[in-house]
Each structure stands twice: as structure tokens, then as C-alpha cells.
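Work out the full structure, taking the sequences as your base and the hints as a guide.
Just so you know, the protein sequences line up as chains C and F, in that order.
Heads up, the first sequence is in UniProt numbering, so the first residue is 1 and it goes up one at a time.
Heads up, the second sequence is in UniProt numbering, so the first residue is 1 and it goes up one at a time.
The hints are simulated quantities; they were obtained by calculation from the structure and are not laboratory data.
Any given hint might turn out to be false.
Estimated spans, in silico, between C-beta atoms of each pair [claimed, not checked]:
#, chain 1, residue 1, chain 2, residue 2, range
1, F, R203, C, S117, 26 to 34 angstroms
2, F, P218, C, S287, 37 to 45 angstroms
3, F, L225, C, Y16, 25 to 33 angstroms
4, C, G142, F, E175, 55 to 63 angstroms
5, F, S2, C, E204, 13 to 21 angstroms
Just some of the chain F residues that point at chain C, by a computed CB distance under 7 angstroms [what the hints assert, rightly or not]:
#, residue
6, S162
7, W190
8, P192
Output of the computed footprint for chain C on chain F, the stretches with three or more beta carbons under 8 angstroms from beta carbons of chain C [what the hints assert, rightly or not]:
#, stretch
9, 78-91
10, 211-220
From the three backbone atoms N, C-alpha and C, an ideal C-beta is built for every residue, glycine too.
The residues making up each chain are set out below.
Protein chains: 2
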Amino acid sequence: MSVDPRLSINQATIKYADLATALRVTVEAGVPAIGLWREPVADVGLATASRMLTDSGLRFTTHCRGGFFTLPEGPARRASIDDNRVAIDEAATLAAAGAAGSTAILVLVAGGLPEGSRDLVGARERVRDAIGELAPHAAAAGVTLAIEPLHPMYATDRCVVSTLGQALDIAADFEPAVVGVTVDTFHIFWDPDVEASIARAGREGRIATYQVCDWKTPLPADVLLGRHYPGDGVIDLGALTRAVSETGYDRDIEVEIFNEQVWATDPLVAVQRTAAAFGGAVSPHLSAPLESRS
Amino acid sequence: MSVDPRLSINQATIKYADLATALRVTVEAGVPAIGLWREPVADVGLATASRMLTDSGLRFTTHCRGGFFTLPEGPARRASIDDNRVAIDEAATLAAAGAAGSTAILVLVAGGLPEGSRDLVGARERVRDAIGELAPHAAAAGVTLAIEPLHPMYATDRCVVSTLGQALDIAADFEPAVVGVTVDTFHIFWDPDVEASIARAGREGRIATYQVCDWKTPLPADVLLGRHYPGDGVIDLGALTRAVSETGYDRDIEVEIFNEQVWATDPLVAVQRTAAAFGGAVSPHLSAPLESRS
Chain C
1 MSVDPRLSIN QATIKYADLA TALRVTVEAG VPAIGLWREP VADVGLATAS
51 RMLTDSGLRF TTHCRGGFFT LPEGPARRAS IDDNRVAIDE AATLAAAGAA
101 GSTAILVLVA GGLPEGSRDL VGARERVRDA IGELAPHAAA AGVTLAIEPL
151 HPMYATDRCV VSTLGQALDI AADFEPAVVG VTVDTFHIFW DPDVEASIAR
201 AGREGRIATY QVCDWKTPLP ADVLLGRHYP GDGVIDLGAL TRAVSETGYD
251 RDIEVEIFNE QVWATDPLVA VQRTAAAFGG AVSPHLSAPL ESRS
Chain F
1 MSVDPRLSIN QATIKYADLA TALRVTVEAG VPAIGLWREP VADVGLATAS
51 RMLTDSGLRF TTHCRGGFFT LPEGPARRAS IDDNRVAIDE AATLAAAGAA
101 GSTAILVLVA GGLPEGSRDL VGARERVRDA IGELAPHAAA AGVTLAIEPL
151 HPMYATDRCV VSTLGQALDI AADFEPAVVG VTVDTFHIFW DPDVEASIAR
201 AGREGRIATY QVCDWKTPLP ADVLLGRHYP GDGVIDLGAL TRAVSETGYD
251 RDIEVEIFNE QVWATDPLVA VQRTAAAFGG AVSPHLSAPL ESRS
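What follows is the structure, encoded as C-alpha cells:
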């Protein structure tokens with residue numbers, strides 16, 4: 001079975017692989033692109049990571065992740081903003097090191113309520129403020145900040161941005177090339193407005209990256225780890241993928257799975273299974289590439 | 001400490017108490033109202049339950065619960081619709097048996113995806129259809145059907161109605177006296193539109209019942225059981241209670257807690273703790289009753 005030419009493996013899917021292994025198994029499985037995480041890049045250093053990425057011949061799709069913007073003003077907030085500037089620079093460097101078609105995207109997870117706070121409204125405002133501070137740096141670096149709405153079950157401890165519509169409302173203050181959104185099926189499929197919000201995201205030029213994985217119940221004890229190979233759960237990936245395709249989105253599509261069983265799998269096998277699952281559940285719903293349309 | 005005169009104990013908070021015990025401890029704690037569940041009522045029979053309720057002197061606030069409307073047409077769907085007609089009649093009977101100020105409300109939980117289905121859109125349409133079938137019976141019985149949006153983490157296995165706005169869109173096809181919504185803090189607090197949706201619910205005359213409990217993380221292994229006494233978590237109950245009060249809602253307010261530790265508590269103690277928690281976290285944010293306003 002051939003691998004979809006738009007598939008990208010998000011490194012979180014093979015969390016326990018170091019960067020060298022992640023790049024090697026992705027190439028070996030015939031997958032053409034990869035999204036990286038900051039920690040394994042930092043383990044070898046950015047310069048080395050960039051050389052390894054270039055040598056792999058893979059496209060680079062996203063850098064995961066920045067954000068955590070909900071703290072009130074003070075040294076911890078300043079440290080977070082500064083660290084996000086570093087992450088922006090990393091994303092630019094890695095995108096330049098990747099094969100042609102790489103994209104300079106930094107995925108942003110907003111952060112949860114600060115300890116002792118119940119003020120979601122205020123936390124959400126501080127997310128907007130932080131993005132405002134970072135936007136000039138991102139623009140100068142040619143990096144798109146991709147606000148990721150996370151499922152509402154993470155609203156208080158991880159990400160106060162809970163819907164695609166809310167992410168788009170924040171992004172609306174900025175240029176689409178600088179601030180976009182991450183459309184991840186796991187986080188938004190439940191939303192009664194999901195198809196309308198995807199269409200809006202496309203219309204407003206905000207879909208920085210499209211990520212797929214699946215949902216099923218019961219959720220595991222750690223609800224962060226309840227993600228599955230595409231097609232193994234109950235998300236209507238066909239409908240969502242068609243909705244994204246219809247906006248004209250024609251770039252790579254990441255699969256990002258947080259799942260202890262997937263992580264316990266040999267990483268090459270996990271990537272091969274991901275490619276097969278993607279081919280079955282996502283590829284049939286993608287528009288043909290522009291150049292092949294009649 | 002005096003008990004808030006608008007507090008109602010939802011029987012799920014003391015799940016392992018039979019009806020006699022639930023009524024007794026509610027009275028003993030000085031709480032003036034109770035919301036009942038169908039199963040403990042059925043255990044003694046409706047006629048006996050009604051007499052027991054009358055004898056308790058408590059107001060009756062809601063009957064929990066009807067719904068489960070997502071099956072496609074067939075015998076199982078027919079059985080569910082028929083059972084909801086029975087539940088409507090039970091709600092009317094119990095409301096008539098309760099003290100003055102009782103309300104004939106049947107809480108509806110929509111149901112999840114049918115086995116093997118990924119079609120949330122279709123499931124949601126079937127919920128609307130079922131309510132359309134039941135509305136004439138509810139109107140004749142003088143019962144309000146209260147559609148309850150459940151937290152999106154339950155969207156696929158329990159309730160395809162996930163936001164207050166979505167519940168209001170369904171209710172909009174019907175008379176407000178016949179179809180309203182359940183506003184439960186646990187399920188909707190995360191919604192960026194929550195205050196606007198509460199205001200809309202009030203404007204459209206749809207707030208059938210207001211229920212409070214709290215949320216905190218990490219969630220327990222069974223995510224159904226992660227509810228807490230008001231004030232023990234991170235929900236801004238003050239803001240939500242003020243938003244509900246500002247709509248003019250002046251009826252009883254239920255506390256419904258699904259929590260193994262609360263269930264393991266002596267039921268009288270659990271009710272007393274609920275009353276104290278309510279007094280601390282909710283009562284200060286309630287408008288004064290109309291008759292005491294200048």
C-alpha cells in the first residue's frame with residue numbers, strides 16, 4: 001500500500017523515539033513529512049537537529065509547541081513569552097532545514113487557569129495579549145502561530161481556548177500569515193458548529209495546519225491519552241476532512257496520537273500503522289491535488 | 001447556618017439512599033426541595049412515592065430523567081419514546097404531590113451515538129424529532145421537557161447535545177412552557193459563549209431548571225464522577241449564578257453531584273455539606289426574591 005504524499009507524522013505519535021529514530025522510521029516507512037517537538041530537538045541541539053532534518057529529506061510541518069499564556073503579569077509570564085520567542089526562531093530554522101514544501105508553523109496551546117483562579121474570561125484575555133506581544137516577532141521570522149483549541153475537558157488545566165470559533169476570534173486581530181489555527185479532529189469534532197467553523201477558518205485564511213486522530217470511549221484514566229489511529233474510533237473523519245479540503249487546504253496533514261499502547265509499539269511499526277490508517281480513513285476524502293484537476 | 005430557601009437536593013447526590021432515606025435526610029437537614037430519579041421512585045411505586053413526597057412536605061423540582069433519543073427508527077426507539085411518555089406522567093404526578101412551588105419538569109439527556117455510528121449530525125436530528133413527538137404529551141400533562149446539554153466529553157457515548165446554544169436551537173421549535181433547557185454549571189462553564197447563552201435562554205423563557213456543582217482536575221478514572229461540592233473546584237459559580245439570576249430565574253436550584261466519595265458519605269452529612277457549600281458558593285450571588293426588592 002502506498003503512503004499518502006500529504007501525510008506527516010507528528011513526533012508525539014512516537015513519543016519515546018529520539019530525534020534520530022523518529023526521522024529514520026518516518027523515512028523508512030515512506031512518509032514524506034514530520035512535525036517535531038521542542039524537547040527532542042533540544043536534546044541534540046537546534047543546529048544538529050536542523051542538519052539531521054535536512055539529511056533526512058523530510059518536509060517539516062509544525063513545531064510543537066509554544067503557548068502557556070494564562071499567567072498574570074510577572075516574571076513567570078515574562079519567561080514564558082521569552083521562551084515562545086525562542087520557539088518561533090526554532091520553527092523558522094527547522095522549516096528552512098526541511099525539504100521543499102516545509103512550513104514554518106508554531107503550534108500554540110493556550111494554557112489553563114493559573115493556580116487558585118476561576119477566571120476563564122481573564123485567562124482568555126491574557127492569551128490574546130500574549131499573542132499580540134509575539135506577533136511582530138513571528139512576522140519578522142516568517143512563522144505562523146497556530147492557535148490550537150483543545151477539547152473542553154482540558155479547559156481549566158491545559159487550554160482555555162476550547163472551540164475553533166474562539167480561536168478564530170482571537171486570530172482575527174492579526175494577519176492570517178502570522179496568526180492562524182490548528183484544526184485537530186480530536187479536539188473539535190463534537191462541536192455542533194464544527195463544519196461552519198472550518199468553513200469560516202478557510203474563508204478567513206486561518207487553517208495553518210490540519211491534524212487528525214480518533215476518539216473513542218471509555219476514555220482512559222489519563223484523559224490526555226485517549227487518542228487513536230484514524231478510523232479506530234467514532235469521529236466522522238470523512239466529513240471533517242472533506243470540510244477542510246473544501247476550503248482549499250492542500251498542505252500536509254499530521255497524525256498526532258497520544259496513547260500509551262501506540263507509544264509502546266515499535267516506532268517503525270507505529271508509523272506504518274499510522275500510514276495505513278490514514279490511507280483508509282483520511283486519504284479517500286482528500287481533494288485531488290490542484291495540478292491533477294481537470 | 002441557615003439553609004438557603006431555594007436549595008433543592010438532586011437525589012443523585014445521595015445516590016445510594018432509597019427514597020425514604022433521601023426524603024428524610026433532606027427534611028432533617030432543613031432543605032426545602034428535592035429532585036428525584038426514576039429508579040428509586042419505581043422501587044416503591046409511583047403512588048407510594050407520591051404519598052411519601054406529600055408527607056415529607058418537600059417541594060419537587062425535577063424528575064430525572066428521560067431522553068435517549070438517538071436510535072434510528074425501530075422497536076428500540078419506539079420503546080424509548082413510550083417510556084418517555086411514562087416519565088412525563090410521573091413528573092406531573094410527583095409535581096402535584098409536592099409542596100406548593102413544586103415544578104413539573106422532566107430532565108432530558110439526549111443519548112450518544114448508536115453502536116457503530118459516527119453520524120453526530122443525524123443523531124442530533126433524531127433528538128429533535130423525538131422531542132417533537134413528545135411535546136404534545138408533555139403539553140397535555142403540563143410538564144416542561146428540560147433538554148440538558150452535557151459536557152462535550154460525553155458527546156459520543158451519552159449526550160449528543162453539547163452546548164446550551166445547541167439545546168436552545170432545538171427548543172426553539174416548541175413552546176417555552178413545553179420545552180426548555182437544564183442549565184448545569186458542570187456541563188457548560190467552559191463554553192466561551194456561556195454567559196451570552198444563559199442570557200439568551202432567559203430572554204427566550206427557556207431556563208426550566210438551574211443545577212450547580214463544581215469541576216476540578218485531574219478528572220477521576222470514570223469521568224462521569226468528577227463532580228464536586230459547590231466551591232470545591234474551579235467553576236466561577238458566582239458569575240454563572242449572577243448570569244442566571246439576571247434573567248429573572250427565581251425558582252429552586254438543584255445540586256447534583258456524581259462523586260464516589262460523596263456517595264460514600266452518610267447521606268444526612270452529604271446533604272448538610274451540600275447545604276453549607278451552597279450557602280458559601282451560590283447564595284451570595286442570588287438576587288433577593290422579588291417580594292423583598294424595594
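- Where does the structure disagree with the numbered hints, that is, which hint numbers, in rising order? 5, 9
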